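Keeping their order, the protein sequence lines are chains A, B, C, D, E, F, G and H. Each residue of the first sequence is one higher than the one before, starting from 1 at the first, in this note's numbering. Each residue of the second sequence is one higher than the one before, starting from 1001 at the first, in this note's numbering. Each residue of the third sequence is one higher than the one before, starting from 2001 at the first, in this note's numbering. Each residue of the fourth sequence is one higher than the one before, starting from 3001 at the first, in this note's numbering. Each residue of the fifth sequence is one higher than the one before, starting from 4001 at the first, in this note's numbering. Each residue of the sixth sequence is one higher than the one before, starting from 5001 at the first, in this note's numbering. Each residue of the seventh sequence is one higher than the one before, starting from 6001 at the first, in this note's numbering. Each residue of the eighth sequence is one higher than the one before, starting from 7001 at the first, in this note's numbering.
To be clear, the hints were calculated from the coordinates, so they are not data collected in a lab. This one's a predicted model, so the numbers in the text were calculated from it and none came from an experiment. Hints should not be assumed to be uniformly reliable.
[Said to hold, decoys possible] Simulated restraints, written as ranges between beta carbons of each label pair:
| # | chain 1 | residue 1 | chain 2 | residue 2 | range |
| --- | --- | --- | --- | --- | --- |
| 1 | F | H5011 | G | D6085 | 14 to 24 Å |
| 2 | D | H3116 | E | L4003 | 25 to 35 Å |
| 3 | E | D4077 | B | A1043 | 55 to 65 Å |
| 4 | C | H2116 | A | H38 | 39 to 49 Å |
| 5 | C | N2054 | E | E4030 | 32 to 42 Å |
| 6 | G | F6031 | D | H3116 | 29 to 39 Å |
| 7 | H | D7046 | A | Q145 | 49 to 59 Å |
Each residue gets a CB set at the ideal place from its N, CA and C atoms; glycine is no exception.
Number of protein chains: 8
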Amino acid sequence: MNLPYLSGEIHTDWREKIIKGCEEQGLAIEFSSAVTNHEASDAAGDVLGKDDNNFWRDHKSAKINAIRIKTNLEQCDLAIIRFGDKYKQWNAAFDAGYCAALGTPYITLHDEEFIHPLKEVDASAMAWATSPEQVVDVLKYTITQK
Amino acid sequence: MNLPYLSGEIHTDWREKIIKGCEEQGLAIEFSSAVTNHEASDAAGDVLGKDDNNFWRDHKSAKINAIRIKTNLEQCDLAIIRFGDKYKQWNAAFDAGYCAALGTPYITLHDEEFIHPLKEVDASAMAWATSPEQVVDVLKYTITQK
Amino acid sequence: MNLPYLSGEIHTDWREKIIKGCEEQGLAIEFSSAVTNHEASDAAGDVLGKDDNNFWRDHKSAKINAIRIKTNLEQCDLAIIRFGDKYKQWNAAFDAGYCAALGTPYITLHDEEFIHPLKEVDASAMAWATSPEQVVDVLKYTITQK
Amino acid sequence: MNLPYLSGEIHTDWREKIIKGCEEQGLAIEFSSAVTNHEASDAAGDVLGKDDNNFWRDHKSAKINAIRIKTNLEQCDLAIIRFGDKYKQWNAAFDAGYCAALGTPYITLHDEEFIHPLKEVDASAMAWATSPEQVVDVLKYTITQK
Amino acid sequence: MNLPYLSGEIHTDWREKIIKGCEEQGLAIEFSSAVTNHEASDAAGDVLGKDDNNFWRDHKSAKINAIRIKTNLEQCDLAIIRFGDKYKQWNAAFDAGYCAALGTPYITLHDEEFIHPLKEVDASAMAWATSPEQVVDVLKYTITQK
Amino acid sequence: MNLPYLSGEIHTDWREKIIKGCEEQGLAIEFSSAVTNHEASDAAGDVLGKDDNNFWRDHKSAKINAIRIKTNLEQCDLAIIRFGDKYKQWNAAFDAGYCAALGTPYITLHDEEFIHPLKEVDASAMAWATSPEQVVDVLKYTITQK
Amino acid sequence: MNLPYLSGEIHTDWREKIIKGCEEQGLAIEFSSAVTNHEASDAAGDVLGKDDNNFWRDHKSAKINAIRIKTNLEQCDLAIIRFGDKYKQWNAAFDAGYCAALGTPYITLHDEEFIHPLKEVDASAMAWATSPEQVVDVLKYTITQK
Amino acid sequence: MNLPYLSGEIHTDWREKIIKGCEEQGLAIEFSSAVTNHEASDAAGDVLGKDDNNFWRDHKSAKINAIRIKTNLEQCDLAIIRFGDKYKQWNAAFDAGYCAALGTPYITLHDEEFIHPLKEVDASAMAWATSPEQVVDVLKYTITQK
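Could you build the full structure based on these sequences and the hints that come with them?
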């Protein structure tokens, strides 16, 4: 429970809140994450030569990003998977399915309004949290409770 | 390639088109699928006792449905994963991630407008199709071409 | 979902009720089970030579029985695990843990009074049923619902 | 043999005896364990919102606890599994089954009176001990004997 | 328990006794075995060109034989491993280790005199038999006992 | 040994010779193979839309072909991997590496001149044959020899 | 992404360029590689006794080399696989197939002229680079980009 | 190649020769081994209570020893397996089979007289050495050769 992967939404500061909250609790945790800089992420493959075709440009960048994501997912011992209220966020659900197949425990972080559309994702989760603070509490309990 | 799983959208007839198309080509294929009757699926857990709490009712039903989905996903040798233009469809992306982790090949089926939000899902796919007819063509080629 | 293993209690007729209920529904299911004849099971190892020492006699018989149990558990695609109100039934919980580690879905079957002592076992289960009829309903839904 | 997991009974001091005994022998061992504070363990999920329903409250807490248990079980290289004379202790047998499926060696620790009900659990164990002192002896032998 | 592999000694008729015994009991079992014709086995690689060097001739033949042995060992659900009183029979112990690592149950068949030198091999076995008749009894029990 | 995959060179009739040779020996073998029609194989992805860019056209077709190749490689119990005297044939070596990692036995089929460049590929092979007739002999021995 | 394996061509300085480039970027990476001294590699098995037969001499050396290659391939979290313009380089394609089967991400490094013969190898790769500098850029992005 | 397991013969000083030889070469290697003190090994289980029955005494001790052997075998990245000229040494062949099934590379160490009886064990080995010095040479090459 010391190597969590933080997956999903990149437009709010939930990652920072969890990381800072754990630091304040003195927890020895090494978080990993995909690239969260949107432009950098979209342009990840451009160094290998630009493509005019949108599909292949995205494809190339997504595969470069997948090197890190795949490695992180396979090495983490817990994933926190965040669904916000914007965009499709299919990559977050993809990561959840990846964890489920590997048997890696994950916690979802989302509002009540997404209970129904996330029921399959939550069905394989170890917990559903609605705030970064709850995630910090769960991590603290899991790591420090005697 | 004879045991494909059909995952995703349940509001258009893409499943029927693929199944009928394969029959017309004389392909010996045994398709599997999650329960696609929306009300039946949502009520799957009610037989075990009703819950007033929305989360737990969904949770119970989703787990009952997961018995079949998980078994189908682990036994299929190919998945066709369809993203339509309605709803969140996080379960389809979840199935894609599950296949990716298992190393099971999958083909996505979606319109051009979803190229960007599905780039991570497509990055692990063996192919991206835009119509059921294309999927039938790929299945026919894969099974019958000498 | 066509090869369920029936684990646990051997002193009531829950196995027969499930098997008969599925037959009445016309479900094509092949159930497997450990040896449920108590004396035969305890004496399974005697053919290899009797032991005066209780531990070793039990040990030898338990290992003979484990040949079948282990094979059944690894080949089944679903386990139904029954906890009754007598005896320790640690073997049933052992089978549940075995399934959990393999990723094989299982359903528990027990009364309300065991909710608390079975919370860890139920936490990894796909469903908790309180009667054989409910199990039949779940199997019927899982196998036949479109 | 340096990362044993201590599973089972939480109402006697067998964990402390083993840990202290190993320290006295100068063995470099890092033990892990589930949360053994009964009330804290039962309330593990309350931080995510209280449930009136007993089953779901237990379910939520058990899953939070399972994050640590599952991680510990998969990382340990040996489990010591203790069965005392109170309560159902199905979670201990569940952990034994989990280890058996993973191929992780485990040692049971229990009195003679449980030989028969634990025969399936003992059949997959590497050893049966009746006192914490014996466990310490086995650990010492395994780690230090030339 | 319907696909046993018969490993080890090729100079007595223990295989035939087990196969015939099972037929007499009406058991539906499909046995597999390595090539038991000694000369044919030693010459298995000669078709690929003869080698003057003893080591390489044996090496080439052993690898050809390993195609069948490896496939049989990985597909069997039980192995019967026989140690007689002649020759080194390291290949039989090798097969036992292979089964142990795969988690495939095996039964050893040997006389009392070999208890001590086979203690490591027996430690991972599900049973130790001293006659083909005992093996037939165990198979009959495992397959037919209710 | 009844489900061999035939990998590699598509410009000579080695596949036909092996298949015919096995038929003449009355062996019940079900061979599988990638698409061996060169133009069809190169155009496999065109049905999903043509690409002007050479890399992506090849990429798309290679992935469609990989659906069948990957499935065949994972289901086969033996691979015959042929290296001829033309072209780079990196796909044949790729298949060999894939088999090696899966632990699937394979036999190489190539002339003496390739002993040195194929030494790594041969090091993981079960046998090296120089003619289709030798492969048939090995298959016959492996399947029929008592 | 901190333990890359460098596979393939040993006649140009692409390894040195990547290693030096990463050092200049301050990346903490531990590269591994097969033995790249050609004569030493060919003679790896000679210490175990010389063979007159070319095939067996190569075989013995290739197996000694495979101890390191196999260990490196299974421990690396990324492979860079280089195809140059000389020799058959089947060992590089073999390594690529090995990675593909293990699910280990790899990047190919080759010129445009090899797009077509490497299409199957590239189809399973995460990226195709044409210069060591591009590989350094991808590593830098993957390891350091926020 | 830095965590080799030394398996087999305990009556000559081959282990010491290899360990000392590697030290003299300055190789950073951490060797592991089963208990090699014969009396201690045979008495490993006595601490859990003595058995009059020879089989069960050996069984209990062998299982205690298996805790360490199994852990070592699964953690090592190379095994050196020695066959001497005394005793049955079935445990050494068992360890070889265990490694073969896990895909762990191993080197055999034995005299020429055992070429024929060890042909199956050698067929899965990466090398056959006839002296501890040769093993040291192979380790040095594998670890230090550029």
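Structure-based check of all given hints:
1. H5011(F) - D6085(G): 14 to 24 Å: 22 Å, holds
2. H3116(D) - L4003(E): 25 to 35 Å: 32 Å, holds
3. D4077(E) - A1043(B): 55 to 65 Å: Hint violated: Cβ distance 39 Å, outside 55 to 65 Å.
4. H2116(C) - H38(A): 39 to 49 Å: 47 Å, holds
5. N2054(C) - E4030(E): 32 to 42 Å: For E4030(E) against N2054(C), whose Cβ atoms are near 37 Å apart, the range 32 to 42 Å holds.
6. F6031(G) - H3116(D): 29 to 39 Å: For H3116(D) against F6031(G), whose Cβ atoms are near 58 Å apart, the range 29 to 39 Å is violated.
7. D7046(H) - Q145(A): 49 to 59 Å: With Cβ atoms ~39 Å apart, the hint is violated.
In the structure shown, a violation is registered for the earlier hints numbered 3, 6 and 7, in ascending order.
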